[in-house]
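Enquirer: Modelling step: build the complete structure from the supplied sequences, incorporating the hints.
There are 2 protein chains.
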Amino acid sequence: VNTGTSTWQSAGLDQSDLIQFAGDLADVSGAVIRAHFRRHIAVEHKSDRSPVTAADRVTESALRAMITERYPEHGIIGEEHGRERAQSRFQWVIDPIDGTKAFITGLPTFGTLIAFLVDRRPILGVVDMPALGERWIGAHGEATCLGARPCRTSECTALSAASLFATTPAMFGEQERERFEALSTRVSITRFGADCYAYGLLASGFADLVVEADMSPYDYLAAVPVIEGAGGIITDWEGRSIDLDSGPRVVAAANASLHAAAMAVISPRRSEL
Amino acid sequence: VNTGTSTWQSAGLDQSDLIQFAGDLADVSGAVIRAHFRRHIAVEHKSDRSPVTAADRVTESALRAMITERYPEHGIIGEEHGRERAQSRFQWVIDPIDGTKAFITGLPTFGTLIAFLVDRRPILGVVDMPALGERWIGAHGEATCLGARPCRTSECTALSAASLFATTPAMFGEQERERFEALSTRVSITRFGADCYAYGLLASGFADLVVEADMSPYDYLAAVPVIEGAGGIITDWEGRSIDLDSGPRVVAAANASLHAAAMAVISPRRSEL
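Sequences listed follow chains A and B, in order.
In case it helps, the numbering used here puts the first sequence at residues 1 to 273.
In case it helps, the numbering used here puts the second sequence at residues 1 to 273.
FYI, nobody ran anything at the bench for these hints, they're computed from the structure.
Just so it is clear, the structure is predicted and the values come from calculations on it, not from any experiment.
Certain hints may be false.
Same chains, same names: a pair is fine if it fits in one copy or spans any two.
No farther apart than 25 Å at their CA atoms in a straight line, the calculated lysine to any residue pairs in the SDA-like style are these [stated by the list, open to error]: (1) K46 - S61; (2) K46 - S188; (3) K46 - S267; (4) K46 - R186; (5) K46 - G247; (6) K46 - I189; (7) K46 - S184; (8) K46 - G75; (9) K46 - A65; (10) K46 - A161; (11) K46 - Y71.
Expert: Structure follows, in structure tokens:
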């Protein structure tokens with residue numbers, strides 16, 4: 001599954017330039033977002049009833065402008081402003097504020113997600129927490145870093161010792177919720193409300209499992225290189241690797257053993273979910 | 001209900017000394033806690049299955065030592081080490097780490113709660129977030145401050161525009177959950193997982209409602225002066241003011257109108273909960 005550093009070379013990409021540029025993007029999005037945070041800005045609701053603010057839109061617009069200037073042939077998929085150049089084999093997938101509810105309510109646990117994809121597979125990801133000053137960058141062939149330091153997932157292999165994160169219990173459908181609750185009863189700690197921060201905490205060995213449903217690709221694609229480059233695993237609930245065509249359900253784990261243990265409880269292969 | 005500044009004078013207390021001392025306590029607890037945070041320390045489970053770490057215990061011990069040295073006649077009630085001098089009319093109530101699950105999993109949203117009570121009523125409270133660098137201090141007769149600046153609750157009076165916080169949906173019994181979910185469907189945003197941080201966010205106008213059950217006095221007493229000094233209201237689910245003898249359920253709101261609107265949905269007076 002891991003296509004390694006050859007992905008960059010065979011696609012004619014300059015790995016270090018792209019990683020540097022992804023960090024530049026997060027510098028800009030962080031500055032825009034911090035200028036809006038806790039400023040009581042107006043909240044609107046999208047057609048799916050999820051909240052959105054001017055900060056989401058202006059942040060994504062700033063990132064789109066930077067990408068289009070630097071890599072005019074690359075495609076962009078953003079939560080707020082849709083797609084452009086969808087036929088390119090290179091795509092940037094952006095969620096300017098993951099955890100808008102946290103952002104609105106003054107909680108600093110929202111983040112910005114930036115993924116770079118080649119042939120629909122994420123090979124570079126940034127999980128940036130602008131109000132916390134924490135940034136994870138993961139890239140194929142490199143160790144994931146939190147800030148300047150490499151990070152590693154935990155060595156926890158027993159469900160009974162594991163911490164489990166999900167954004168909200170409301171994200172699960174009825175049968176999904178049964179499976180999630182079955183998993184929840186087997187772990188040490190279940191936490192809600194961390195949004196994308198949970199992926200960073202997993203990469204740094206503080207969280208052990210993240211199980212989510214009702215997600216869109218921009219919610220998890222950036223997490224894939226971050227988690228894999230730290231020694232973790234992330235798949236859908238059927239165990240398939242994650243790409244732009246993945247569905248709404250993901251399972252991330254600190255290591256293969258813990259992933260298998262979690263999959264044995266939640267995978268629909270065992271229960272025809 | 002508000003006994004005002006006369007509480008201090010009639011009890012023979014030096015208000016500014018006590019407020020300064022409460023801040024000194026939070027400086028010490030913050031330093032102890034930050035020295036433990038994200039250090040992979042061992043987690044034990046108490047008889048109620050809640051997790052506890054050496055950081056909880058050593059932090060509370062440090063605060064107890066400071067209080068006993070400075071105010072040897074004052075009582076102390078702490079989550080980890082119980083009561084001493086229970087007959088004193090002056091009591092310090094301490095939760096060294098509120099949000100131990102967050103602390104364990106690397107999330108910086110845990111806090112330290114320090115309350116000072118006269119005749120079982122809280123007149124001084126600190127909500128300190130040592131990993132976030134945010135501290136709310138509230139005291140009878142003074143405006144609550146976040147850091148050096150006074151803060152105010154929001155002017156939101158409509159449930160439909162309000163944000164609602166609770167620690168976890170698992171804290172509600174069956175009938176409580178029905179009431180909470182009825183409230184949740186009426187508000188704009190429901191958030192879980194903020195622990196005591198929600199009280200600070202309420203005092204600063206970012207959160208509008210905090211509704212909790214299954215709490216102990218050390219979980220909410222410190223929040224009372226913080227919320228009241230910022231213009232908010234906190235009571236139990238029956239609408240009674242909070243003191244050391246309060247039960248496990250609290251409702252905090254940005255203002256009286258919003259409190260009344262929330263109480264109309266959740267108060268057991270209307271439903272014989």
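Enquirer: Evaluate K46 and S61 at a C-alpha cut-off of 25 Å and name the case that applies: within, between, both or neither.
Expert: within (17 Å within a copy, 50 Å between copies)
Enquirer: Indicate which option fits the pair K46, I189 if close means a Cα-Cα distance not exceeding 25 Å: within, between, both or neither.
Expert: Only across copies: K46 and I189 sit 14 Å apart there, 33 Å inside one copy, limit 25 Å.
Enquirer: Cα distance capped at 25 Å. Does K46 pair with Y71 within a copy, between copies, both, or neither?
Expert: neither (30 Å within a copy, 55 Å between copies)
Enquirer: Measure nothing new, just compare the shortest in-copy and cross-copy C-alpha distances for K46 and S188 to 25 Å and report within, between, both or neither.
Expert: Between copies only: 13 Å across, 36 Å inside.
Enquirer: Are the CA atoms of K46 and A161 at most 25 Å apart within a copy, between copies, both, or neither?
Expert: between (39 Å within a copy, 15 Å between copies)
Enquirer: Can you give me the call for K46 and G247, within, between, both or neither, at a CA distance of at most 25 Å?
Expert: Within one copy only: 21 Å inside, 40 Å across.
Enquirer: Are the CA atoms of K46 and S267 at most 25 Å apart within a copy, between copies, both, or neither?
Expert: Classified as neither; 31 Å inside a copy, 32 Å across copies.
Enquirer: Reference check for the pair K46 and G75, CA-CA at most 25 Å: within, between, both, or neither?
Expert: within (24 Å within a copy, 53 Å between copies)
Enquirer: With identical chains, the pair K46 and A65 could be close in the same copy or across copies; at 25 Å between alpha carbons, which is it: within, between, both, or neither?
Expert: Within. Shortest intra-copy distance 23 Å satisfies the 25 Å Cα cut-off; inter-copy 53 Å does not.
Enquirer: Could you figure out if K46 and S184 sit no more than 25 Å apart (CA to CA) within one copy, between two copies, both or neither?
Expert: between (31 Å within a copy, 19 Å between copies)
Enquirer: Within, between, both or neither: how does the pair K46, R186 come out at a Cα-Cα threshold of 25 Å?
Expert: between (36 Å within a copy, 18 Å between copies)
Of the numbered hints stated above, those contradicted by the structure are hints 3, 11, listed in ascending order.
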